[in-house]
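Colleague: Here is how the chains run, residue by residue.
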Amino acid sequence: MTKAVQHSDVTHQYLRIKKRFPNVWCAGCGIGTVMGSIIRAVDFMEYKKDEVALVSGIGCSSRLPVYCDFNTLHTTHGRALAFATGVKIAKPNLKVIVITGDGDGLAIGGNHFIHACRRNIDITTILINNRIYGMTGGQFSPTTPWHANASTAPYGNMERAFDPAALAIAAGASYVARGTVYHVQQLDKLIIGGLQKRGFALIEAFSNCHTYYGRLNKEGDAVAMLNWMKDHALPVKAAAALPPEKREGKLLTGVLHDVEMAEYCDEYQKLVDRLQTKQEA
Amino acid sequence: MSNDHTPVRRLMQGNEACALGAIYAGCRYFGGYPITPSTEIAEGMARMLPRFGGRFIQMEDEIASIASVIGASVAGVKAMTATSGPGYSLMQENIGYAFMAEVPCVIIDVQRGGPSTGLPTKVSQSDTMQARWGTHGDYYAIAVAPASVRECFEQTVKAFNFSERFRTPVTLLSDEVIGHMREMVNVPEPGQLEVFDRVRPDVPAEWYHHFEITPNLVSPMASFGEGYRYNITGLTHDQEGFPTANPVEIKNKMDKLKYKISRFADELIQLETEMMDDAVMCVFAYGIAARAARQAVAMAREKRVRVGLIRPITIWPFPDDRIRQLMEEARVKVALVTELNMGQMVNEVQRLVPRHCRVEQLNRYDGEILNPVEIFKRIMEVKP
Numbered sequence: 001m002t003k004a005v006q007h008s009d010v011t012h013q014y015l016r017i018k019k020r021f022p023n024v025w026c027a028g029c030g031i032g033t034v035m036g037s038i039i040r041a042v043d044f045m046e047y048k049k050d051e052v053a054l055v056s057g058i059g060c061s062s063r064l065p066v067y068c069d070f071n072t073l074h075t076t077h078g079r080a081l082a083f084a085t086g087v088k089i090a091k092p093n094l095k096v097i098v099i100t101g102d103g104d105g106l107a108i109g110g111n112h113f114i115h116a117c118r119r120n121i122d123i124t125t126i127l128i129n130n131r132i133y134g135m136t137g138g139q140f141s142p143t144t145p146w147h148a149n150a151s152t153a154p155y156g157n158m159e160r161a162f163d164p165a166a167l168a169i170a171a172g173a174s175y176v177a178r179g180t181v182y183h184v185q186q187l188d189k190l191i192i193g194g195l196q197k198r199g200f201a202l203i204e205a206f207s208n209c210h211t212y213y214g215r216l217n218k219e220g221d222a223v224a225m226l227n228w229m230k231d232h233a234l235p236v237k238a239a240a241a242l243p244p245e246k247r248e249g250k251l252l253t254g255v256l257h258d259v260e261m262a263e264y265c266d267e268y269q270k271l272v273d274r275l276q277t278k279q280e281a
Numbered sequence: 001m002s003n004d005h006t007p008v009r010r011l012m013q014g015n016e017a018c019a020l021g022a023i024y025a026g027c028r029y030f031g032g033y034p035i036t037p038s039t040e041i042a043e044g045m046a047r048m049l050p051r052f053g054g055r056f057i058q059m060e061d062e063i064a065s066i067a068s069v070i071g072a073s074v075a076g077v078k079a080m081t082a083t084s085g086p087g088y089s090l091m092q093e094n095i096g097y098a099f100m101a102e103v104p105c106v107i108i109d110v111q112r113g114g115p116s117t118g119l120p121t122k123v124s125q126s127d128t129m130q131a132r133w134g135t136h137g138d139y140y141a142i143a144v145a146p147a148s149v150r151e152c153f154e155q156t157v158k159a160f161n162f163s164e165r166f167r168t169p170v171t172l173l174s175d176e177v178i179g180h181m182r183e184m185v186n187v188p189e190p191g192q193l194e195v196f197d198r199v200r201p202d203v204p205a206e207w208y209h210h211f212e213i214t215p216n217l218v219s220p221m222a223s224f225g226e227g228y229r230y231n232i233t234g235l236t237h238d239q240e241g242f243p244t245a246n247p248v249e250i251k252n253k254m255d256k257l258k259y260k261i262s263r264f265a266d267e268l269i270q271l272e273t274e275m276m277d278d279a280v281m282c283v284f285a286y287g288i289a290a291r292a293a294r295q296a297v298a299m300a301r302e303k304r305v306r307v308g309l310i311r312p313i314t315i316w317p318f319p320d321d322r323i324r325q326l327m328e329e330a331r332v333k334v335a336l337v338t339e340l341n342m343g344q345m346v347n348e349v350q351r352l353v354p355r356h357c358r359v360e361q362l363n364r365y366d367g368e369i370l371n372p373v374e375i376f377k378r379i380m381e382v383k384p
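As they're listed, the protein sequences go chains D and S. Okay, so the first sequence: first residue is 1 according to the working numbering, each after it adds one. Okay, so the second sequence: first residue is 1 according to the working numbering, each after it adds one.
One should not assume that every hint holds.
Here are the simulated SDA-like pairs of lysine to any residue, each with C-alpha atoms no more than 25 Å apart in a straight line [said to hold, decoys possible]:
#1 D:Lys-18 / S:Ile-213
#2 D:Lys-49 / S:Tyr-230
#3 S:Lys-256 / D:Arg-20
#4 S:Lys-303 / S:Asn-363
#5 D:Lys-19 / S:Asn-252
#6 S:Lys-258 / S:Asn-246
#7 D:Lys-19 / S:Thr-214
#8 D:Lys-19 / S:Asn-363
#9 D:Lys-49 / D:Asp-69
#10 D:Lys-19 / S:Pro-247
Computed list of chain D residues with no C-beta within reach of chain S, every gap over 10 Å [what the hints assert, rightly or not]:
#11 Phe-70
#12 Phe-83
#13 Ala-153
#14 Gln-186
#15 Ala-224
#16 Pro-243
#17 Pro-244
Label pairs and their computed distance ranges (CB to CB) [claimed, not checked]:
#18 D:Asp-163 / S:Asp-61: 21 to 27 Å
#19 D:Val-10 / S:Met-129: 21 to 27 Å
#20 D:Ala-262 / S:Gln-350: 57 to 63 Å
These are calculated hints, taken from the structure and not from any lab test. All residues carry an ideal CB built from backbone N, CA and C; glycine is no exception.
Can you make the complete structure from the sequences, with help from the hints?
Modeller: Spelled out as structure tokens, the structure:
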């Protein structure tokens, strides 16, 4: 990275300030922080607003594109990656960013998630993981921890949680990272890393839903939950030097996986070129 | 499969004709999932699209297929998918999205018997109502039903034209028999059939509203990446595409979805009639069922029964005015509706016939097609 990430009111240049605010999120919600990081990353990459397409599904996280002055596509529940696949393939020069949540991306959209990873299509996916369904009122999601409370798990969650990053790596994504909404500068950089990657990139942004998750699990307000992230985040490089017992209960952050692989749109273009040259010959 | 538009006269399947028709119409994106009896369409598109600089993708399921098709259309490429009953059911939520977000796209449903897995290799016309009311909410649907291989080609082109003209999803209802039947087709030369492309905005970006209520109610459509940055959502939205809870804006949006189609239905209606001039009886049939009906009508005419044939090619919107007029002008006393289902279109006919007209049915839903003799016998049974 050659230039420092700018933390100024650069975000304001990219928001539909006059039209869409105030937003739908609860005071203290981490999603707004992620929105700031995405915008700073796009600004850092010097993308034109016209070449950025923001695609989302349904849920609190998926309301994010509506506030941003890009090409924005707010789709159906769980299907953002499938819509985005069509957008990207039809117009490969667009920078396609998908915003999803733990429920949208991993439950109803879980199948699209693993197949987008497998195809290694050049889409940067930001999965905002607040471990609960916020918009519908606090039901447990695929990332709600075992035994945690939710409105549909009043006696504790009996299901084990997904690790979204591990899932993406196993499914074949070429760049996988995890950040938190407390570590904002790191989150900016992780998203930049995802945008720079030619291939499928997943950035899991660990976020707080104090309104439901925090309240139901006695984790306190937004500040208390951010403090939890501060105390429990463990950079992946530091973790490597630690014995397993010291990694227990920690949230690994940083770039977890970064490899070079053939990208879907590039491969298809090669096929088109090959067939069309043959036709002319 | 031909690689270009050079004129060809060839024996081909209905499914192949749909694929060729799509290429002719300018379709350059196909997202699909294998399902009998539609798969030859996907296979044809997989072969042809890269040669035309287009893109074919096999998605992980039908939900993803239609989603990717809508995404591609938003990015400015004519796009379609093909499926059969079970897949069509899976697509319905996102087809509703395409209605709401006013995204042109084409869905080919090669019908098979249902419900559920039903009869994968057998013919049926049981998705007639699914094509009209498949997704939740209120909307006006467009669907066409070809009755021959040649019509599969032409109606695929029409389906694209309608979808681009009206900024809405269009369903082509084929079926297992037409899809797999082989007939000789003269593939039209470029320019021979009309090809309609969506209207693009001619105003500066700051004046552009993606869902503007225009005099003909269809808003010009800019694609992603063209300098018009706008929002698309499946939430009920205002003319700029932002979610709204304002009752006036909500009603305006819903009225737009209805009237952009119902007021211009004349452009959509395709209806064929045969021997209706002196008819006191008509056979009403569409799609594959109409082929046997045509022959049965001819057989009955030989027996001096004054029977005619009414065959809508556009089945949705239903040609209300034309049917009503025909029934009255011809003083039809009996209308026989023949369908490969338990009776879906018959109710549409029922509500349009004058009082003195009796509506009779002939239905098959055992996986076999209606043959001319069966229909002829039924004509003789119910004739006035």
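Colleague: Are the hints correct? Go through all of them and say.
Modeller: Here is what the structure says about each hint:
This hinted pair checks out: Lys-18 of chain D and Ile-213 of chain S have alpha carbons roughly 22 Å apart, not beyond 25 Å. Under the criterion of a C-alpha separation no larger than 25 Å, the hint pairing Lys-49 of chain D with Tyr-230 of chain S is consistent with the structure, at around 11 Å. For the suggested pair Lys-256 of chain S and Arg-20 of chain D, the alpha carbons sit about 23 Å apart, so the restraint of at most 25 Å is met. For the hint linking Lys-303 of chain S to Asn-363 of chain S, the alpha-carbon distance of about 23 Å falls within 25 Å, and the restraint holds.
For a cut-off of 25 Å, the pair hint linking Lys-19 of chain D to Asn-252 of chain S stands: about 20 Å separates their Cα positions. Only pairs whose Cα atoms come within 25 Å are accepted, and Lys-258 of chain S paired with Asn-246 of chain S is accepted, the gap being roughly 19 Å. For the hint linking Lys-19 of chain D to Thr-214 of chain S, the alpha-carbon distance of about 22 Å falls within 25 Å, and the restraint holds. The hinted pair formed by Lys-19 of chain D and Asn-363 of chain S fails the criterion: a straight-line CA distance of about 56 Å is larger than 25 Å.
For the suggested pair Lys-49 of chain D and Asp-69 of chain D, the alpha carbons sit about 7 Å apart, so the restraint of at most 25 Å is met. Simply put, Lys-19 of chain D and Pro-247 of chain S have alpha-carbon atoms about 19 Å apart, close enough for the 25 Å limit, and the pair holds. A beta-carbon of chain S comes within 10 Å of the beta-carbon of Phe-70 of chain D; the shortest separation is about 6 Å. For Phe-83 of chain D, the non-interface assignment is contradicted: its Cβ lies about 4 Å from the closest Cβ of chain S, within the 10 Å cut-off.
With a cut of 10 Å on Cβ distances, Ala-153 of chain D stays outside the contact zone with chain S, its closest approach being about 26 Å. Under the 10 Å C-beta cut-off, the non-interface status given to Gln-186 of chain D relative to chain S holds; the minimum distance is some 29 Å. With a minimum CB-CB distance of about 32 Å to chain S, Ala-224 of chain D clears the 10 Å threshold, and the non-interface call stands. Distance check on Pro-243 of chain D: its Cβ is at least 40 Å (rounded) from any Cβ of chain S, clearing the 10 Å threshold; non-interface status holds.
At roughly 36 Å, the least C-beta separation between Pro-244 of chain D and chain S is larger than 10 Å, which holds for a residue marked as non-interface. At roughly 24 Å, the beta-carbon separation of Asp-163 of chain D and Asp-61 of chain S lies within the given 21 to 27 Å, and the hint holds. As the Cβ distance of Val-10 of chain D to Met-129 of chain S is approximately 53 Å, the hint placing it in 21 to 27 Å is violated. Roughly 58 Å separates the CB atoms of Ala-262 of chain D and Gln-350 of chain S, a value that falls within the hinted 57 to 63 Å.
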